[in-house]
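Start from the sequences and build out the full structure, keeping to the hints where you can.
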Amino acid sequence: MSETPTLFQRRIIIGAGLCIVAFALVGLRLVHVTLLQSLDGGHAAVAVVARADLTDRNGELLARDLPVKDLYARPRILWDKAEAARGLAVATGADERRLLNGFNNAKNPYVLVARQITPDAEARVMALGMPGLEFEQGAKRYYPDGRNTAQVLGVTDPDGGGVSGLELGLQDKLRKAPGGKVATSIDMRVQFIVADELAKSREKFRAVAAGAIVMDVTSGEVLAMVSLPDFDPNLRRMMPGDSQRNIMVQDVYELGSIFKVFTFAMGLEDRTFRPDDVLTIPKGFRIGKHEIGEAHHMPGSMAARDILAQSSNIGSSQIALRSGGHRQSQFLRSLGLLTPIVTDLPEKAYPLYPRHQWGAIETATVGFGHGISVSPLSFTAALATVVNGGRRIAPTFARQAPGADRRGEQVIRHETSVQMRELLRYVATNGTGRNADTPGYDVGGKTGTAEVPGPNGRYIRNALRSSFAAIFPAHNPRYAVLVLMDQPKATKDTFGFATAGYTAAPQTGRIIQRIAPLLGVPNIPLPTQLAGGPAL
Amino acid sequence: MVRVLNFFCVALMGLSILALYHVSEKTRVAHMELSKVGSRIAQEHSHLSVLETEWGHVASPARIQKLAETRLGMGDTASVQLYSFDLLPRRAENPGPLNNTPVQNASAQIPAAPTALVLPTSHAGM
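In order, the protein sequences belong to chains P and S. Going left to right, the first sequence walks through residues 1 to 536 as this note's numbering numbers them. Going left to right, the second sequence walks through residues 1 to 126 as this note's numbering numbers them.
These are calculated hints, taken from the structure and not from any lab test. Do not take every clue at face value.
Unchecked claim - Mimicking DSBU-like on lysine-lysine, the simulated pairs with C-alpha atoms at most 35 Å apart in a straight line are:
| hint | chain 1 | residue 1 | chain 2 | residue 2 |
| --- | --- | --- | --- | --- |
| 1 | S | Lys66 | P | Lys140 |
| 2 | P | Lys140 | P | Lys283 |
| 3 | P | Lys176 | S | Lys36 |
| 4 | P | Lys181 | P | Lys200 |
| 5 | P | Lys200 | S | Lys66 |
| 6 | P | Lys173 | S | Lys26 |
| 7 | S | Lys36 | S | Lys26 |
| 8 | S | Lys26 | P | Lys181 |
| 9 | P | Lys140 | P | Lys173 |
| 10 | S | Lys66 | P | Lys492 |
| 11 | P | Lys289 | P | Lys200 |
| 12 | P | Lys200 | P | Lys489 |
| 13 | S | Lys36 | P | Lys140 |
| 14 | P | Lys140 | P | Lys348 |
| 15 | P | Lys492 | P | Lys200 |
| 16 | P | Lys348 | P | Lys489 |
| 17 | P | Lys181 | S | Lys36 |
| 18 | P | Lys140 | P | Lys289 |
| 19 | P | Lys489 | S | Lys66 |
| 20 | P | Lys81 | P | Lys200 |
| 21 | S | Lys26 | P | Lys204 |
| 22 | P | Lys489 | P | Lys283 |
If you want it as structure tokens, here you go:
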């Protein structure tokens, strides 16, 4: 017996249905508000950081994005455009005429007043009480160490893109981790010491430019790279005398006698001589129509080790000629000296060498470091290869694990490498590198004094380029140091000489004396008497 | 009966609406508080970032060296003045291992050039 609901009953059912729907909606909304709605969807003010920090190998800050603001104006809302331009120019340092032109241009809905304004400037702008101004959060790259690391770190553009140096070379890494840290191989303490000593010497010898590199010979990490003149990366403009050119990687130089290191390594590798073999040193050494001379007086015959110690051009030429031009080019190529070096730095330089003819005269001149130009960084890497046991090393600006060994293929025999360490130590104790010998640190090295070629291809009279390539401790090298001075002038202290033995060598010695304790290089105790203690 | 049920349902709905409004308002206020705290945290992070950078600047080796030279009169230490800590003499008669025994005299004395013997003149003691 089924009865159709009455009208009254149908209304009740419809009302009950509506109530159920209403309760269901309320219930769903309660669940949504209390359980499902995200609570962190607010608009927290987050600083705009586009790039990761750059730190040195010890975690010290080298570069960081700091929050700053860009100021924009909306000309349509400004009450008095001329007064606004005047006030904003005073508050921010912007050009008043540019602002006024921008405000009067009807096409511009927004006019950029100033980028990256400081909190002081922001307060001055706020004090104007002007409508139509908007601040946009941005970031400015700041370099706490200023000039000391400018050339190697490089700079960014106002939009946060890398322009030069590691800022450009490590761009991908820096952009992948905004707010994070990217550790470099640079040691800020070593970098400062090298920059400090180099600046003092550059001033003392009135050199046109100067540069230095400190490299770990086993891991290839560059601990310091300084190039003078430099610039202030925080200023964003160049001052008189500043330069953005990193001469240690962007330029190639005829490095002169420090290249004899490779000539001797090649001769020892080819067993064309032994360090105690005596060679005749004629007054002039003729090759075809060319005659090779010496920079200073040499005895008529010398042991090979003294040829390196006294830096004889003629002796070095003879050793180079024993291996021959083909072998010499192959040997230098195996050390990476005939190709541009690839590192984390975007800057690179192409070496200059005899490409068409590598005959006897070219072999002889390359043997004492003329007729071939390489970048100082390439040279340092090749020196590290020669003394680290003979295995190829590629320089890196990324921090490696402590004790990392990044040595690659064997380029020269281990015995040759050991012999070269002894020879370099001999140069520092008995040769032209005596001024670099630092008591207690067993320094080895080689001086190099090259003439500077002029624009017409001829060498400039009395213009020298002095350099010193050092290793320490020489018996088991951990670090290679290269110091370069472009056109240093003689002083009274140097007895009128501007050669490397009087300019670059003592400077290298001072650098090693200051950085060796920081780097934990063991000091070889000197025979001193301690108060109340035993004689040592 | 139906009238009572209806009244009860409407009252319940009214209460639910009030409860919902209350919860919604509390949530909104909490959300605003959270935004403020988030903003303050971000601002503090920003301040920390600036302070760390300033610290990096004031503690830079260049500034420390300048202060050490001008205020403390310090200079470079020659490598001959450096000495291994293990070889420093101990106060004990027989130097033993480094077991916190105080260092007798930590300053190395570099042998000085012999000084000329000054003989008393005939006027000495007069």
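Hint check results:
no. : hint                : result
1   : S:Lys66 / P:Lys140  : holds, 27 Å
2   : P:Lys140 / P:Lys283 : violated, 63 Å
3   : P:Lys176 / S:Lys36  : holds, 29 Å
4   : P:Lys181 / P:Lys200 : holds, 33 Å
5   : P:Lys200 / S:Lys66  : holds, 14 Å
6   : P:Lys173 / S:Lys26  : violated, 44 Å
7   : S:Lys36 / S:Lys26   : holds, 15 Å
8   : S:Lys26 / P:Lys181  : violated, 40 Å
9   : P:Lys140 / P:Lys173 : holds, 18 Å
10  : S:Lys66 / P:Lys492  : holds, 27 Å
11  : P:Lys289 / P:Lys200 : violated, 44 Å
12  : P:Lys200 / P:Lys489 : holds, 14 Å
13  : S:Lys36 / P:Lys140  : holds, 25 Å
14  : P:Lys140 / P:Lys348 : holds, 27 Å
15  : P:Lys492 / P:Lys200 : holds, 16 Å
16  : P:Lys348 / P:Lys489 : holds, 29 Å
17  : P:Lys181 / S:Lys36  : holds, 28 Å
18  : P:Lys140 / P:Lys289 : violated, 61 Å
19  : P:Lys489 / S:Lys66  : holds, 27 Å
20  : P:Lys81 / P:Lys200  : violated, 52 Å
21  : S:Lys26 / P:Lys204  : violated, 73 Å
22  : P:Lys489 / P:Lys283 : holds, 28 Å
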